[in-house]
Amino acid sequence: MFGGGTLGIIDIIGPTMIGPSSSHTAGAARLGRFARLILGQKPQRVDIVLRGSFAHTGTGHGTDLALIAGCLGLLPDDPGIVKADQLAEENGLVYSITAQDEYRYHPNEADLLIEGKDEKIKIVGTSVGGGRIRIRELAAYKIDLSGDYPTLLASYRDRPGVVAKVTALLAEEKINIAQMNVARERRGGGALLVAEMDSTVSEELARRLAADLDWVRIIPALED
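Residues in the sequence shown are numbered consecutively from 1, following my numbering.
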């Protein structure tokens, strides 16, 4: 269950995956895949910092390969994970991997700076067990996002009425919001709206949202 509480069957036995570890391999693949979905285009470069336990045991558990595989769009159960370095070369993905002892949110933590043709984003993500992840930072914003729901991400200049307009547009399509938060920059006046929904939005609604906001990304729920 989102945010704690009752454990589901996936939390207990873990996801379908390429091993050896649900947290170090499956979770890492999901982190990479989520970064790619936020980027919204084919990645050309990714710079990864492994932190905490990821840094200490990540190579042995295939964390490095799993993160790269996720950035390439592979699912946690894809046998291609074990040759992600080769697939990266074949797909023109340049990558670097470094390690740091310290972490900020969880011992299984990674920073990913992922870049496409005309955009790049940075996320800080954690793998919390059973293949589950949390995205804790996106660009300058501190967030807490699971990837378990279809998600709307929207950045804009912070001003009255934006949240109300977004929720009204979602209500028009009868989309139920599971959880919504707004993160703000300390300086600069920017804001990031994060809405986890019970269903995704139509292409038409996505266009209407993008017309009034600086940046919009609609992300499907991550597959188990």
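Calculated directly from the structure, the hints in this document are not laboratory data. Since the structure is predicted, the reported quantities are computational estimates derived from the model, not experimental observations. Just so you know, even glycine gets a beta-carbon here, dropped at the ideal spot from N, CA and C. Wrong hints could be hidden among the right ones.
Calculated lysine-lysine pairs in the BS3-like style (CA-CA distance at most 27 Å, straight line) [what the hints assert, rightly or not]: (1) K83 x K142; (2) K142 x K165; (3) K142 x K120; (4) K117 x K165; (5) K42 x K122; (6) K117 x K142; (7) K42 x K165; (8) K83 x K165; (9) K42 x K174.
Beta-carbon label-pair distances, calculated as ranges [claimed, not checked]: (10) K117 x K83: 20 to 26 Å; (11) D77 x R207: 16 to 22 Å; (12) A139 x G60: 28 to 34 Å; (13) A206 x G161: 16 to 22 Å; (14) D47 x N176: 34 to 40 Å.
How the hints compare with the structure:
1. For a cut-off of 27 Å, the pair hint linking K83 to K142 is broken: about 33 Å separates their Cα positions.
2. At most 27 Å may separate the alpha-carbon atoms for a hinted pair to count; K142 and K165 meet this at roughly 23 Å.
3. A C-alpha spacing of about 17 Å is found between K142 and K120, which places the hinted pair at or below 27 Å, so the restraint holds.
4. Distance check on the hinted pair: K117 and K165 sit about 31 Å apart at the alpha-carbon level, beyond 27 Å; violated.
5. For the suggested pair K42 and K122, the alpha carbons sit about 15 Å apart, so the restraint of at most 27 Å is met.
6. At most 27 Å may separate the alpha-carbon atoms for a hinted pair to count; K117 and K142 meet this at roughly 25 Å.
7. Our distance criterion of 27 Å between C-alpha atoms is broken by K42 and K165, whose separation comes to about 31 Å.
8. Simply put, K83 and K165 have alpha-carbon atoms about 46 Å apart, too far for the 27 Å limit, and the pair is violated.
9. Restraint check for K42 and K174: the C-alpha separation of about 31 Å exceeds 27 Å, so the hint is violated.
10. For the hinted restraint 20 to 26 Å between K117 and K83, the CB-CB distance of approximately 25 Å keeps it satisfied.
11. In this structure the hint that D77 and R207 lie 16 to 22 Å apart at CB is violated, the actual value being about 34 Å.
12. Evaluation of the 28 to 34 Å hint for A139 and G60 yields a pass: the beta carbon distance comes to about 31 Å.
13. Judged by the Cβ atoms, the range 16 to 22 Å given for A206 and G161 holds: they are separated by roughly 20 Å.
14. For D47 and N176, the Cβ-Cβ distance of about 37 Å falls inside the hinted range of 34 to 40 Å, so the restraint holds.
Of the numbered hints listed earlier, those contradicted by the structure are 1, 4, 7, 8, 9, 11.
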